[in-house]
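Use the sequences and the hints to build the structure in full.
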Amino acid sequence: MMRYIWPFVAFVVLAGFLYVGLGLNPHEVPSPLINKPAPAFTLPQLHDPAKQFVSQDMNGKVWLLNVWASWCVSCREEHPVLMALARQNIVPIYGLDYKDNRKDGEAWLRNGGDPYTVIASDTEGRIGIDYGVYGVPETYVIDKQGVIRYKQIGAVTHESLQEKILPLVAELQAK
Amino acid sequence: MKHLLILLICLLPAFSYAGEAKDLAEDPVLEKRMIGLAENLRCLVCQNESLASSRSELANDLRREIREQMKKGMTDQEIIDYLVSRYGDFVLFDPPMKSYTLLLWYGPFALLLIGLAGLVFQLRKRKNTLPEGQLSAEQAQRAAALLNPPKDSQT
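From first to last, the protein sequence lines are chains R and G.
Just so we're aligned, residue -17 is where the first sequence starts under our numbering, counting upward by one.
Just so we're aligned, residue 162 is where the second sequence starts under our numbering, counting upward by one.
These are computed hints drawn from the structure, not numbers from a lab.
A hint or two may mislead.
Derived lysine-lysine pairs resembling DSS-like cross-links, with alpha carbons at most 30 Å apart [what the hints assert, rightly or not]: (1) G/K259 <-> R/K146; (2) G/K259 <-> R/K133; (3) R/K81 <-> G/K163; (4) R/K18 <-> R/K85; (5) R/K126 <-> R/K157; (6) R/K133 <-> R/K81; (7) R/K81 <-> G/K193; (8) R/K157 <-> R/K133; (9) G/K193 <-> R/K18; (10) R/K81 <-> G/K259; (11) R/K85 <-> R/K157; (12) R/K18 <-> G/K233; (13) R/K18 <-> G/K259; (14) G/K193 <-> G/K232.
Simulated restraints on C-beta separations [what the hints assert, rightly or not]: (15) G/V190 <-> R/A152: 25 to 33 Å; (16) G/Q238 <-> R/Q70: 33 to 41 Å; (17) R/A152 <-> G/L191: 21 to 29 Å; (18) G/V245 <-> R/D86: 28 to 36 Å; (19) G/G234 <-> R/P14: 20 to 28 Å; (20) G/Q208 <-> R/P31: 45 to 53 Å; (21) R/F(-10) <-> G/L274: 18 to 26 Å; (22) R/A66 <-> G/D250: 18 to 26 Å; (23) G/N201 <-> R/R(-15): 23 to 31 Å; (24) R/A32 <-> G/Y267: 32 to 40 Å; (25) G/S217 <-> R/D86: 27 to 35 Å.
No residue lacks a Cβ here, since even glycine has one placed at the ideal position from N, Cα and C.
This is how it looks when you write it as structure tokens:
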């Protein structure tokens, strides 16, 4: 009997590893920027290129930085969720229009509505690299001290809002 | 006349000239250094491709970023550190030795040791359980007869 136990145990351990490992999403790479100061940037605003968006001006409040683009498919899926969140007025959403051209970005917002307080226009994608963006959409929760607290990779959903983002925002706002 | 023409045609390739392919980048030395570095970095979009070979937009931008940082005089290590600080150790094809990667680096050797220990244990056990051959006088005689047959019976 004993001689069958060990191969069986080895099999169960291996199956356990595979079950967990294969269930992970390889496209969710943990960001090393969590709990690090958000990289500072100054970019022209999408709606009014003469004005600048300065990320340091955000210090003192909790905000979301949502990286999007008019060419991004999952952004369409996420858009109604952001619209609903903007209507609730819980936390300001700032947009980073990533590697997009101004006309397309603005047309996209005219179609689906504009949930953003201000949108910064990152046409070259340089700020995206600073933030470690590799798949749009991505959303960062940044606290009053300008520290990144959470990064949502992929579309924000009602579930991720309720389970992760909103509780974290409430906690950070209370501080 | 016809032969001369054929000869001339045969000689035509001698006048052709192959120039070296033009390098697309303005600075081939820098480009070579960039490719050398990018070959060891992972593209995060198409994860099993290197930054050097990937054709994704992000890889393009990152190659541009590396080129610019090289022009600024940053060392390879500084550029790698910059990318790791943005994208994490995941960009490295060669994972660094850290407390949480010890299992990755030494796990296979640990498994090998466990296997060897198991093998030694099993062999020892088998040696102990196998009965040492105790032959009776008659069996010994038979065995000897089989092992050393008399010379004359062979022929």
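Structure-based check of all given hints:
| no. | hint | verdict |
| --- | --- | --- |
| 1 | G/K259 <-> R/K146 | holds (29 Å) |
| 2 | G/K259 <-> R/K133 | holds (24 Å) |
| 3 | R/K81 <-> G/K163 | violated (65 Å) |
| 4 | R/K18 <-> R/K85 | violated (34 Å) |
| 5 | R/K126 <-> R/K157 | holds (9 Å) |
| 6 | R/K133 <-> R/K81 | holds (19 Å) |
| 7 | R/K81 <-> G/K193 | holds (27 Å) |
| 8 | R/K157 <-> R/K133 | holds (20 Å) |
| 9 | G/K193 <-> R/K18 | violated (33 Å) |
| 10 | R/K81 <-> G/K259 | violated (35 Å) |
| 11 | R/K85 <-> R/K157 | violated (40 Å) |
| 12 | R/K18 <-> G/K233 | holds (25 Å) |
| 13 | R/K18 <-> G/K259 | holds (20 Å) |
| 14 | G/K193 <-> G/K232 | holds (13 Å) |
| 15 | G/V190 <-> R/A152: 25 to 33 Å | violated (54 Å) |
| 16 | G/Q238 <-> R/Q70: 33 to 41 Å | violated (47 Å) |
| 17 | R/A152 <-> G/L191: 21 to 29 Å | violated (50 Å) |
| 18 | G/V245 <-> R/D86: 28 to 36 Å | holds (33 Å) |
| 19 | G/G234 <-> R/P14: 20 to 28 Å | holds (25 Å) |
| 20 | G/Q208 <-> R/P31: 45 to 53 Å | violated (35 Å) |
| 21 | R/F(-10) <-> G/L274: 18 to 26 Å | holds (22 Å) |
| 22 | R/A66 <-> G/D250: 18 to 26 Å | violated (36 Å) |
| 23 | G/N201 <-> R/R(-15): 23 to 31 Å | violated (46 Å) |
| 24 | R/A32 <-> G/Y267: 32 to 40 Å | violated (58 Å) |
| 25 | G/S217 <-> R/D86: 27 to 35 Å | violated (20 Å) |
Violated hints for the displayed structure, listed by number in ascending order: 3, 4, 9, 10, 11, 15, 16, 17, 20, 22, 23, 24 and 25.
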